[in-house]
Each structure stands twice: as structure tokens, then as C-alpha cells.
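Use these hints to put chain B with the ligands onto chain A, whose structure you have.
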Amino acid sequence: MTVVFEKPKALSEVPFHYCPGCTHGIIHRLVAEAIDDLNIQDKAIGVAPVGCSVFAYNYFACDMHEAAHGRAPAVATGIKRVLPDNIVFTYQGDGDLASIGAAEIVHAAARNENITVIFVNNAIYGMTGGQMAPTTLIGQVTTTSPYGRDPKLAGYPIKISEMLATLDGAYYVERVSVHDVKHIKQAKKAIKKAFENQVNNKGFSLIEVLSTCPTNWGMSPSESLDWVKDNMIPVYPLGVKKEGK
Amino acid sequence: MEKVLMKGNEAIAEAAIQAGCRYFFGYPITPQNEIPAYMAKKLPKIGGTFLQAESEVSAINMVYGAAGAGARVMTSSSSPGISLKQEGISYIAGAELPCVIVNIVRGGPGLGGIQPAQSDYFQAVKGGGHGDYHLIVYAPSTLQEMVSLTMGAFDVADLYRNPVMILGDGMLGQMMEPVEFIKPPARELPKKEWATTGCDGTRETNIINSLYIDPAELEKKVEELYKKYELIKEQEVSYEEYNCENADIIVTAYGTTSRIVKSVIEMAKEEGINVGLIRPITLWPFPYEPISKYADKDHVKVFLSVEMSKGQMIEDVKLGVNGKKDVYFYGRTGGMVPTPDDILAEIRNIMKGVQ
Ligand SMILES: Cc1ncc(C[n+]2csc(CCOP(=O)(O)OP(=O)(O)O)c2C)c(N)n1
Ligand code: SF4
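Residue numbers (our numbering), protein chains in the order written: chain A, 5 to 249; chain B, 28 to 382.
If you're looking for bench data, these hints aren't it; they were derived computationally from the structure.
All residues carry an ideal CB built from backbone N, CA and C; glycine is no exception.
Errors might be hidden in some of the hints.
Claimed, not checked - Examples of chain B residues lying across from chain A (beta carbon under 10 Å, computed):
#	residue
1	Asn88
2	Ala122
3	Pro205
4	Pro367
Just chain A, same shape as in the assembly (with noise of 0.2 Å):
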């Protein structure tokens, strides 16, 4: 018999805690499949976030080091500092990214820090119950936005990818969806790229990853996907927002 599909072996024999329909699943199976992909898996040490993805320091076959809230970019510095040979990524949300850690994003990119930046925006925090994000949409409903995000009182929408493209020391910047197959392949395609930029020390790679929260956003998983497509794509447009040379 063939084997056509199987687990990537950067994933761990661990059954992931995401709710149904949740798309942190289909990202983490995409970084594992780069990192087996570019046979890097002895080399790889991850920066797990807080945040739903909290456990992805027991989802990824490979060492792991657990950050404090937005903190990842800065642990990743550390660690890449003393072992500039291996190949260190983040794994973060929108509320770790965009909010508490927005310093330590925006100087890991400043720097060109040699690292990989997976962040994952679903336009809310997912972990504590579907509070308010920097990424939530204006006139998105959350807990903490119960009449919609109005800008007037809350602002306005962070753009991370634009925002760190405009930046000398970024590498590599490039937002991605995982709403539908088409989609799903770009976006492994981005986040291969962004993990060989490191191998090939290129600096600092950055993809943005929209994805879903069926269970905040109050939706199916399938009209999550939807709600991608026709509400968050039109204000967090996909592609390659700066590629150095």
C-alpha cells in the first residue's frame, strides 16, 4: 500500500485542543510540513505564545521554549543570539503579537533579527473569550466591543504586515489565508519561504495568517471561512507586502 497522506513528522503524536472548525490546526500542520519539508526539524527551536496556541510547545516535534505574553520575539532574539545555527520561529496570535508584544515585533523586525514570525490573525482573542484585538474589524462585536469596534472610542485596525514592511531591517513580509485549498497551498508556499529566508540567513521573516475563531465570532466553522474571505481579506489584503533581494 501507498502512503499519499500522512502526519508531518515535525508534529507530535498529541491530539491538538483547537475547537472545531479553528484554523490554528491547519497552521500548525503547515509549519510542521516546511520544517520536514527543509529537514530541520533537529534544528528547530520554537517560541510558543500565549494565547490559544499556548500548547503549541507540545504540538511541534522539536525543542520548545515557552514566552510570556507578546514577549516571543525577544526570547526568539535571545536564543537565536547564542545558537545563530539553528532555526528559531514564533508562533503568535493577533492579541500577543499586535497588542502586549507590539514593541518586541516591531525591534526583532528593526533589527533583521535572523528569525521566523508565524502570527496568526483572527481578529480576536481567542484564549480569555473573545475579547477586543488591535486586528478586530470595525464594527466587529466582541466582548469588550459589545456594540461593535468604533474607532472612535477604540481606533483602528492595526495592519502588522504593512506596518513592519515599511521597516529597513524586515526581510520578508507576506499575509496568507487558510480559508479554502487554493489558498491553504500559497500559503505553505509563503511559509516555506519564510523558514528558508532563515536557513539562507536572510533576517527576519514575517507571514500573516488569517484565520478563524468559529467559537468567539459566534459562527459555523464553515461560515467562519466565509467571513474570511468577505470581511477580512477586503481590509487585510493577502501577498507579498516586502521581499528584500
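Here is chain B with the ligands on its own, set in the frame of chain A:
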């Protein structure tokens, strides 16, 4: 070995380098700026890394990553900066990683001032960050001691997998004294088998973490930490006893204040008052034992805690005395350094009361 005249902050930096520290992450704040400047100059020339972080929060988290990767790593700051580092310090203590943190204390609270103080005692020895944990805290009183304690701190950190703090003050950081770089006897250290260095398949993957969602597991983890702290209390208490044998009054003081008290002891002798000094060198674990021993002696009438704070160490002194004698307090704060005359006047007053 040759003696060199150095500034306190530079002596700490050089001692760290000689102890094998190759990574330093910091952020500027007075009065400790000579430490990062020294590291920035020296580390790149010996294959190390100095990095000026964007904040103290980042600096300590870089330390967290580097310590997890198995390196000898240090950061330094002063009071407001150390407050920002507390988040990371709690995580490092929780994940049981070794590192050295220098606090060259200035007056507070808030932005406070830039003159020497000891008002971060509570923060250093009673927690500072969240959760049940301890740092090992050293309080040098001379530049020579700053050198030896800093050098030893890296071994102690590695031995116990625990963050170690060097608690100095602006006076010690800025003053100059001749120092000799003599390494304390090396400790036998375990291999860093827990480090996240990349797993080539020859071992299980390593996870550095302080999250225990199951309360029973977290309690077990904290109990284990406290077993380690008990061992540290048995092994690592350090203090100096000075002129205590026939003392009428025992003064407790550490760091800069203890130096001033030493001058007071000579001045008081001329007036027929016998003053002893117990000087904690480790603030945690605290030397309760010698304090308790002298509290039992008939010749000791009272204790006096002298501090550059509003009375923080006095709580530990009282625990050691355990109600057996009265414990008085003299302290200055805000960056004011007590003079020998101030302290002597206080001692005279107290002794009048007890005779
Ligand atoms: C210092 C600190 N503040 C707040 C929290 C609580 N907290 C845990 S997860 C989280 C939000 C995470 O949201 P996001 O990064 O968007 O990830 P998601 O759960 O949506 O995947 C917050 C605020 C914390 N753990 N630490
Ligand atoms: S709460 Fe939202 S982000 Fe978190 S696992 Fe569930 S669906 Fe995913």
C-alpha cells in the same frame, strides 16, 4: 594578580566576563550605565554578544531565551527598570533557568531619583514578580566583593538553575576602588541537559515552560521549587560578623550602609559603647541564625537596623530576633546617605534608654 583601580559598575562587568558571561541584554538607566557600555565594548571582541534591547521587558526576555539556550547571560538595570523586568524574572524563576541580574538601586518610588538607595529590598527578597519563588540575592559592600560575588553568581545560578541578583546601590556602582580579579573556587556543575539547543534525535525534545494548567501539577511544581529553596538556605547563607563578641548593641546593615557603620563602631568605642555589626552578604537566603544567636546573649541589649530605606530589612531582623530584644530602626531614604555622626547620635540615644 595585579590590582586595578576601577569603577564599581565596570568591575561587575569585567567580573561577569571573566566568569564566562558572553551574552548581555540591557537598556540604559542611571546609575548603572557603565555596565552595558563596558559589555558593548568588550563582548564583541571575545565572541560574545551585547544587545541594547528596546526596553527592560525585552531585555529580560532575551535573557530568558539565551538562558534557555544554555548560555551564561546577564542583564543589569536600576530600580524602575528592574520593576519592568519582574515579569521576565518570574518566568525565569518558574522555568528554573540560570542567569545573573544586577540591580544598582536608586531612590524610589516611581521615577524617584538617581542617588543611591536600598529601597528595593522588599522587591528583591520578597518576590517582586508574581507567584511563589525566590531569587538568590547578594549584597556586596566593597568593589572587591562585587567582583567575587559576581564571579561566583554564575556558578551558583547554574548549580541551582535559579536567577541570582546582585543588589548594589548607586554609591557602589559609581565609586572607584582597587580590585583584583580572583575567581572563587569553581563549583562542580551539572551539564545543561535541559537546554533548548535543537534536538538531533538523540534525546527527547526539551521544553522550557512555566505553565501548569492542572492545579495539582502546579502545586507539585511549586513544592519542588521550595525543596530547592530549602537546600539553598542550608548551603548558601553568607554574612559577616564584626565586633559582636562583647557588643552592647548589634547593628544590622548591608552594602554601602554597612561600610558607614564600620566607621561608627570605631567612633563609638571612644565613647565606651561597644557596637557590633552583622552584615548580611546574602539577603536571600537571609542570615537569621547569627541574629538569633546574639539575641540570646546577655551582653547584647538591643538591635538596630540601619538602612537606606524606610525600614525593609528590619522585618527580617525582627524575625531573627524573635521578640527576645528590642529592635530599633534608623534609615534615610530618597537617595540620602546617612553620615557616621547621624548613626552615632542614634546609637547614643538608644543606649541612654537601655541603661
Ligand atoms: C501579561 C498577560 N496579560 C494577559 C494575559 C491573558 N491572555 C491570555 S491569552 C490572551 C489573548 C490571546 O489572544 P491572541 O494572541 O489573539 O490569540 P488567540 O487566543 O486568539 O489564538 C490574553 C489577553 C496573559 N496570559 N498575560
Ligand atoms: S477559541 Fe477560537 S482561536 Fe481558540 S481554539 Fe477556539 S476557535 Fe480557535
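So, going through the hints one by one against the coordinates:
{"no.": "1", "hint": "Asn88", "in the structure": "holds (4 Å)"}
{"no.": "2", "hint": "Ala122", "in the structure": "holds (7 Å)"}
{"no.": "3", "hint": "Pro205", "in the structure": "violated (34 Å)"}
{"no.": "4", "hint": "Pro367", "in the structure": "violated (45 Å)"}
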